[in-house]
Structure formats: C-alpha cells, structure tokens
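Chemist: Once you've looked at the hints, dock chain B against the given chain A.
In order, the protein sequences belong to chains A and B. The first sequence begins at 1 in our numbering and counts up by one. The second sequence begins at 1001 in our numbering and counts up by one.
By construction, these hints were calculated from the structure, which means they are not laboratory data. Do not take every clue at face value.
Derived lysine-lysine pairs resembling DSBU-like cross-links, with alpha carbons at most 35 Å apart [to be verified]: (1) B/K1565 / A/K403; (2) B/K1025 / A/K360; (3) B/K1565 / B/K1544.
Beyond 12 Å from chain A on every Cβ pair, some chain B residues (computed) [claimed, not checked]: (4) I1132; (5) V1277; (6) F1297; (7) E1447; (8) E1449; (9) D1553; (10) N1586; (11) I1595.
All residues carry an ideal CB built from backbone N, CA and C; glycine is no exception.
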Amino acid sequence: MLLSTVIFLPLLGVIAIALLRGLGASAVKGIALVIGLLTFIVSLGLYTGFDATTATFQNVTQQAWIPGLGTSYHIGIDGISLWLVLLTTFLTPLCILAAWNSIEKGLSGFMMSLLALETGMLGVFCALDLFLFFVFWESMLIPMYFLIGIWGGERRIYATVKFVLYTMAGSALMLVGILALYFQNDNSFDLTTLSGPFEHSHLLFLAFFIAFAIKVPLFPFHTWLPDAHVEAPTAGSVILAGVLLKMGTYGIIRFCLPLFPDAAAEFTPLIVPLAVIGIIYGALVAMVQPDLKKLVAYSSVSHLGFVVLGLFSKNPAGIQGSVLQMINHGLSTGALFLLVGMIYERRHSRMIVDFGGLAKRMPIFATIFMVVTLSSIGLPGLNGFVGEYMILLGSFVQGAFSKIYVVLATAGVILAAVYMLWMFQRVMFGTLDKTNEALPDLNAREIVVMLPILLFIVWIGVYPKPFLNKMEKSVGLVVTQVQTEPAIGRAGERIQQDSELALHGTQRVQHEKIEKEAQQ
Amino acid sequence: MTIELIVVLLAAPLVGFLINGLLGKWLKGNEQLSGWIGSLAVLVSLVCSIIAFASLHGGAAPFDETLYEWITGESFAFNIGFRVDALTSMMLLVITGVGFLIHVYSIGYMHGDAGYTRYFAYLNLFVFAMLILVLGNNYLMMFVGWEGVGLCSYLLIGFWYERQTATDAGKKAFIVNRIGDFGFLLGMFTLFAAFGTLDFTSIFDAAEADNFQKVFGASTLVIATLLLFVGAIGKSAQIPLYVWLPDAMEGPTPVSALIHAATMVTAGVYMIARSAVLYNIAHTGEVVAWIGVLTAFFAATIALTQNDIKRILAYSTVSQLGYMFLGVGVGAYASGIFHLVTHAFFKGLMFLTAGSVMHAMANELDMRKMGGLKAKMPITHWTFLVGALAIAGFPFLSGFWSKDEILHSAWGSSPIIYVIGLVTAFLTAFYMFRLIFVTFYGESRVEPEVASHLHESPSVMWVPLAILAIPSALIGLLLGWGGHDSWLHHFTKSVFPEAHHDASGNMILFMVISSVVGLAGIAFAWSRYRDRTPSDEPTNALHKLLANKYYVDEVYNALIVQPIKNGSHYLLWRIVDNGIIDGIVNGVGAIIRFIGGTLRRFQTGIVQAYIVSMVLGIVLFLAYYLFFT
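Chain A on its own, in the form it takes in the complex (with noise of 0.2 Å):
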C-alpha cells in the first residue's frame, strides 16, 4: 500500500492542480511542491522499512487488473528500485522549486506534466508485471513531449518529435520482446514467474536492450540526448537525465542481465566496445561543445557508458558501482543542469564565450559549481568517485572481458577533467564581461534547491556504506542469475580460507592447481 501511495500521490496532486487552478500561480505552484515533498517524505518509509538481508521484492502488491489478458497490477521494490524510486522522489520537488519563477505561460500544465512524469517513472521502477511496466514506461513519455515540446527552446519540435520517435521506436521492438515472453510464460506477464531460459533468447534480448540502448543512450544511439537536453527546460532536463536515462540502465539490469544470461554473456563483446567508445567518444565531444547545455549532454553519454561497462563486468563490484553511479549522476548531472539553469534564467544564454569572470560577481555559485564539477570528475571524497572506482575495479578483477577495455575507460577519467576545468576556467575564472557586471549571486531559493543535492554528493563519498548496504542482496542475485558458468570468484572462496594469501580472479585458479601439484 505504501508503494502505491508514493507512486499516485503525483497523479493525486496532477488532479487537484487541474481543479484548483483557478486559484492562481502561487496556489499552483504551492500544491505541487507540497505534493512533491509530501511524495518524498512518504517514499522514505520504503527506504526504513527495507529490509537488505533479502533480495527477494518488498512493498509487494498484487491486485487483479486484466485477468483475461494475463496481466495484474503487481508491484514492489528491491534493493536497485529502492534507490531508483528515492532518487525520483528526491530530485522531482527540487524541479518544482526550481522551475519557481522561470515558466511564464501554462503554468498549471507544466506543475501537471511534471508530477504525472513523477508517477510514470516511479511505476516504471516498481512494475513487476510486464504489461503494468509497458503502460508505465510509454505513458511517461506524454508528459516529457509536452515538457519539452511547450515549455523547451527554439528547436523544441523537432526536439521533442525526434525524442519520442526514437524512443518508440525501442519501445515497439521491447513491446515484440514482451509479447513473445508472455507466451512463453502461459500467458502471464508476470514478472516474477519468468524463468528462462527462453526461446529465441538471442533476438528477446536484443529488442529489450536495443530499447534500452536507446534510453541510456549507448552509442551510437545518443544523438537525440543532446537536442532534447538544449530545448528542454531546466526542470526537464533535470529529470531527463537524472531519471529518464536510468530506466535504459535499469532495464538492462533487471530484464536483460537476468533473464537472457547466456544472450547476455554473447553480446558483451559487442555491447563493452560500445560503452568504452562512449565514455571516451562522449568526453572528447563534450570537450568541444559551445554550448554548457550541451557540454553536459555529452558528459551523460561518457558517465552512462561507464555505467554499461559496470554492469556488463557481471560481477558484484561493478554491478554495485553502476547501480550508484546511476543515483551519482542522477545528483551531479541534475545539479549541473539546475546549475546550467540558474544561469540561463540571468543571462539568456548557455553560450560558454558569453561568460568568464563569474566567481567574482557570484562566489557561491562558483562555489556550488566547482563542487558538483569535482564530483562529476569523480575526485575522492565526493560521491562519482566510488561509483566509477567500483565499475573500474570490478571490471578490472573480475571483469567478463578483456582488460584492455578497462585501461580505456579509465583514461575516460582523464578527460572527464578536461572537459569539465575547461569549461569551468572559461565560464568562471578569467575577468568578467560588462555584460555579466549585474548578475545577482543565487538567492535563498537557489540555494535551497542546490544544497539537498550537495548534502547527498559529500554523504556519498565519504560514507556510502548506507547505500551499498541496501543494494548487496539485490545485485548479488543478479550476479547469480546472469553467471552462466560457475563464476571463478566463487569456486575460489574454499582456497581463500585455506590459504593465507587472499588471491582472486583466475589467479585462484593457478594457485589451487600449483598447491595440488606441491601435496603430489
């Protein structure tokens, strides 16, 4: 019950703004916050009573729907929902007040786009029955094609039609791959029934995953990211790449990885290029763009490939790491964009040549923004860090492929300070313009909606404990699931209590095989 309440309370408020919006702007805007936070307040009753010593689903509902269609309203959360879910709930408000006083016309619609968005993502999220997830995944993409397409900048049309074709365009082949589970499962679309292995698993995995690719977006599917980030308001691209984005990395790791595992083991070295080509790809092309909006787009194509690589390494601490770095770049890259936002709401402008000089006129904005820079380069202490140092490392040890790929992808961490200083150098250092000498420091509002996400930056560097508690079970299952052989780690844990060398990965192996030789 208390799942439900979290995801509906958006619609809830979506119908009491329709019909109070007589009131006028401030009644508007005072309903979504309070609906908002109200959301947030009740979701983290999920996250105290979750219980992290099972993997197994909480907050389990199930409620017939369509019998005769084989679907049920059947939801629940594990330990990688849970974050997805608080995450949503977490940056939706911080959007409202954000968006405070930057939406002139169709105020009402916006606040009303924005919370049945909240509602559709958040079902997203804890759907456990194919059919619910369907419903929830395609009606999130109406409230995002007005936000863009009403509320977004001077090519929002062919921003928004290009978004949501290419997203329906996934969305039509995942809708085959639905199908053709239900029938092999006696007509049910539940979730959790589902056992592979399938028929026809090749082609199933690779129309879940190409409609995921798209929404995370792998390359080469990203191109329509960086239109819909530019035209997009600053409320939408937070949730555009703060959420939207992870349900591609959320559906690979809860339908591609555990259900198609041997599908899954034959496309890595196809799938791990690709992530690689993005981290590095997207860093060299973020590094040249004009345009701060832009810059970040790119970043989110070069963050979201190390969050592919991780999960494809199908192992606990890389699998883990993704599932953080997705929270990290959900906090960092959203408060880049609200950054970004703040900025445009002053000057008119993401134009990195029509800035320079800003520390000066704005202290705490440069601030802000150098500590959400750092931790979008991942330095120590600040949350991308650990995401990234345990995609790597588990890539690295354990990874299901070569360790070339890893050297690569690390070099991505050098870039990713090349083009984030840069751009800090020229936006904020340097002397300033007399065209920026009045722009006003951020205001109380600003602040307030900065400082949450800062909070959560610093808590997650220096003490992830908390978050990487909740999730172990979870991830720990589909690392189970999507290891077809007998994973070398595993085997090796007899020897490692035996031995006083604590040894890993394949050289286990060789160390067990010289001691038997040794006792002969």
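Modeler: Only chain B this time, still in chain A's reference frame:
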C-alpha cells in the same frame, strides 16, 4: 598513540578549512584572525605529530587502525584506516612543521589580498589532504589524499583566477596529474587483482611470503610497481610529465614553497618508499633511478638559463626530486627520504625568500631587474644564502649529507648514474649561485620607483625565514651523521627492507669529491656572474634551446593537445556525430517522409481517379489469373 590523536591531527586543518571556507564572509573584515585560525589549525596538527613521533621514538609499535568501513561488499573491503610508523611520522613532522611556518609567513605575505580567507581555507584543505596521503594504511587512502592534494594544488595555482595564465597553469597541473593518476589507479587494480586487498601490511606480507613468486610470477608486481610509478611521475613532476610544475609558479609564492617544493611534489617519493617491499621484489627500482637521474640532469640544464627566480627554483625542484627518485630507485630508501626532508627545509626556505624579494620588489621576478639587494634586504639575503649553500652541497650543510648518501648508493648501483648525478650537482651549485650573484650582488638595476620603497619584509615574514634557516643548515648533520649508520637509518630501519646494494667505497672520499664539485660550481658562477647580468638574447643555439626549455611544451601542444582538440571538434563532433550518426537518424526520418509523400499522391480525393485505379487493378488481377495460372 591512539586513534583519537590521529583524528585530532587530521581534523584540525579540516575544521580550519570549514571555518575559513564557510564563514569567510564574516571574517573578511578581520583578515589577521582568518590567518591565525588557519595557522593555529596546523599548529594543533604539529603538536599531535610531535606526540606521535615521540611515542614511536620511545619504542612504541607502529600504529595501524581502521576508523570506519568505507567501500565494502562481499568480495571487497576498503576502509578508512591509518598507519603511523617511522616513515609516516617523518612525513608528518615535515608537513605540519614546514606547513605551520608557511601559514604564519602567509599572514604577512597575503596581506591585503581580496581572497585572503579563501587562501587560508585552501591551504588548510591542502594540509588535510596531504595528511590523509601519508596517514592512510592502504593504497586507496593514499589515492584519496593524492587526488585531494592535486585539487588543492589546482585551486591554489589558479588562486588569482582573473589571470588567464594562472588558471591555465592550474588546469594544466590537474590534467597532467590525472594522467599520472590514471597509472596509479591501474596499479591499484593490478594489486587488488593479485592480493584481494589494498592494505599495506597485508600486501607486503603476502608479497614477501615464500609461495608468492610461484603463484603470480614476477610480472604482476613489475606491472603494478611501474603503473604506480606513472602516478609518481605525474605527482612528482618527472620526465615526461614534469611540465606542469614550472607553470605552477603562477600561484602565490608560499604555495610554491609548501606544495610545489616541500610536500605535495614529494608524494611520489613517499609512495615508492612506502612500497619499498614491492619495488625490491619486482626489481623495478632501476627504472625509477634512471628516470630520476635523467630528470635531475635535464631540469638542471634548463635552470641554467632561466632569469625568472621562481622558475629557476621550480626547475631546481624538479631536479632535486629526480635525486630523491634516484635514491629510492637504487634501494637507498632512507637516503631518498632523507633528501626529501632536507629539501623540504632548504627549498621551502628559498621559495619563501624569493617571496620576500617579490614582496619588496612589487612582484618583480626577473632577476635582470634586480642586483645588489643584499644591502637593502640583509635577512632575506643571508637566509637565501643558507638555502643555496645547502642545496649546493656545501660541506656540513644539510644538502651535503643527503645528496651525498644518494650519490654514494648510486655508485654501488651504476657508476654511470653516479657520474650523471655528480655532473648535476655541479650544475646545481652553478645555477643557484648564478641566481644569488645576479640578484643580491653587483650593481643595483632596480627601477627607481621600485627602489625607493625597497625594504626588508615584516617580522611575520622574516621570522619564519630565520627559523627555517636553522634546520636548512643543520638538519643534515643531525639526521645524517654517520652516513648509512646514521640516526635516520636506525629510526626507519623497521620500515625499509635491506638495500640491494651494499654501499661500497670509502664514504669520506665520496664526500670530498662532492664537496669539490659543489664548490667548483659556486666558483664558476662567481667567475661569470659576480659583476655581470645575464644577456637578454640567447648567445648560441644551445643557449637558445635551453632558454626555451627544449621546446617541450610546444611539442606537446603540437603533437597532443591540438590534434585532440581539433580531432574532437571537426572529426568527431562535426563529421561523425552531426554528419554520420545524426545523418542516418534524420535520414531514416526523411526516407519515411519521402515514401509517405509519394504514396500520398495516390490519395487524390478525386473519385474518378479511384475508379480508374480500381478498374486497372481488376484488369491486372484477371490478366494474372488468366495467363499465369
């Protein structure tokens, strides 16, 4: 020693950072207070460091404890934990001791700067990060501090952020360091893959265990130690990644003294000394030694022709760091650390005196515009002279002892390395005294308006200089008397494994040779520069090559920076992304639109046309059935 002591030691500068960082707005009216808060924070750390040192010196066992679990899972555990042994405690004393004096000095030096509180916030944050670097009991903690000091270095080099050259230099420092960190990260991964942990003691014990070699083969440790060394090359400015350090002189001079001479840049040397066990087993020290000695020589040659005081000191630092790597590379770990300590004092001192000169000369750095400063700035002159004599290896001053130990050990490893090191010692004495003679002696070339208020620095600045001059002169004698049998070697014996090479040859003979070479360098400088200014234009091709620093920056820019920039812009973004990928995406849309547009023509809305096509269709079908089936 208790965990509480360590936490206080660490927390003090962090608290100082938070106070100055968050409350800076309110402290602005009272900058002295801000400076003293920052200094006091480091003083607390210094006291804690002394307590820790005393406890170890009194025979206490090394401290090694975990504070809390950081990144943990079923198959991995990385903790926030600290280790304090002889090596750490030496580093602690240097960092907090030199750090404290430089904080105090900065109170005067930064007087009146708009970013006063920000400066002390950054400086405290630096001390915090540096302490983490040396206190960590595992490689990951070391890496945390490693990147942390890199950040502070970036912030402080670009402290005067309105200057393009300063922010460029800061960015360059961070990025070049990241290239090194890339190696460090991979080195850590390699170690973790082999040992399943990154804790120092576990790794070293396991590596020393009998069955290690046959399980892993030698290659794992070779790869790991070389990758870690890449990190050291970046952080400690060795060939080929030294290019950031000379530019780093854009920062305030006390920063150059603390970060870019005394502490941060020596982190690479500390890392190798810490990993002595691994380098010994892997036999990769030779690579370290060669990179070190070549860097020492190479940087010294550049220093010969520079006219900017801070640049000379910067290249000198690169060169001296090379000596330290030479030391740890040939297995003389204690000697390498010995030179680290003495260098921290005398180079820190020289940077601060350079700052004192700048302070008096309205930020002038070109020594061709100085001369004869000795009369107006006696304390600055005498303290600088102490530092210069120490670095030149003047008998019984600190550099004499530490450099000599390194050269002596180098002889045991390779006579070629020894000779290069000895030549470098000559160059060092020469360029240092070239600086002294041109700056402090001869005719004054100071411009009149500057000369009118040429003055000795205030006491808050010259007192730290005077205090630093004492260890710069004497610490070598104190720690190094007895050569390889000295106090320092005894104190650090528990940390370092036995050296590869037993020191051979007569120590006294080596000392005499070094002294003669050093004095020759001084004499040569005297003969050329006691009453002459360096020429403005390079006189020959070699001079030109050196004055332009071998054009290394230009080559890097042409071969690496520009191709990446242009390739990303034109090839990746414009052609691949906009042209090809988006072209295909939009192309699909265009094709569909074209097909739709073509098919649309059939939907004319004219009934007659529909009837015609219907009849045509019927005829075609009938024809098909009649003639083909």
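Chemist: Now, for every hint given, state plainly whether the structure supports it.
Modeler: Hints, one by one, checked against the model:
Between B/K1565 and A/K403 the alpha-carbon distance is near 27 Å, which keeps this suggested pair within the 35 Å criterion. Restraint check: the Cα-Cα separation between B/K1025 and A/K360 comes to about 14 Å, which is no more than 35 Å; the hinted pair holds. A hinted pair counts as satisfied when its Cα atoms are at most 35 Å apart, and B/K1565 with B/K1544 qualifies at roughly 29 Å. For B/I1132, the non-interface assignment is contradicted: its Cβ lies about 9 Å from the closest Cβ of chain A, within the 12 Å cut-off.
For B/V1277, the shortest C-beta to C-beta distance to chain A comes to about 15 Å, beyond the 12 Å cut-off, and the non-interface label holds. Chain A leaves B/F1297 outside its interface by the beta-carbon criterion, the shortest separation being 28 Å against a cut-off of 12 Å. Every C-beta of chain A lies more than 12 Å from that of B/E1447, the closest at about 27 Å, which supports listing it as non-interface. Non-interface call for B/E1449 relative to chain A: holds, since the shortest CB-CB distance, roughly 26 Å, exceeds 12 Å.
Remark: the non-interface label on B/D1553 is consistent with the geometry, its nearest Cβ contact in chain A lying 17 Å away (cut-off 12 Å). Not every CB of chain A lies more than 12 Å from the CB of B/N1586, the least distance being 8 Å, so the non-interface label is violated. Every C-beta of chain A lies more than 12 Å from that of B/I1595, the closest at about 15 Å, which supports listing it as non-interface.
The structure does not agree with the numbered hints 4 and 10 stated previously, though it agrees with the rest.
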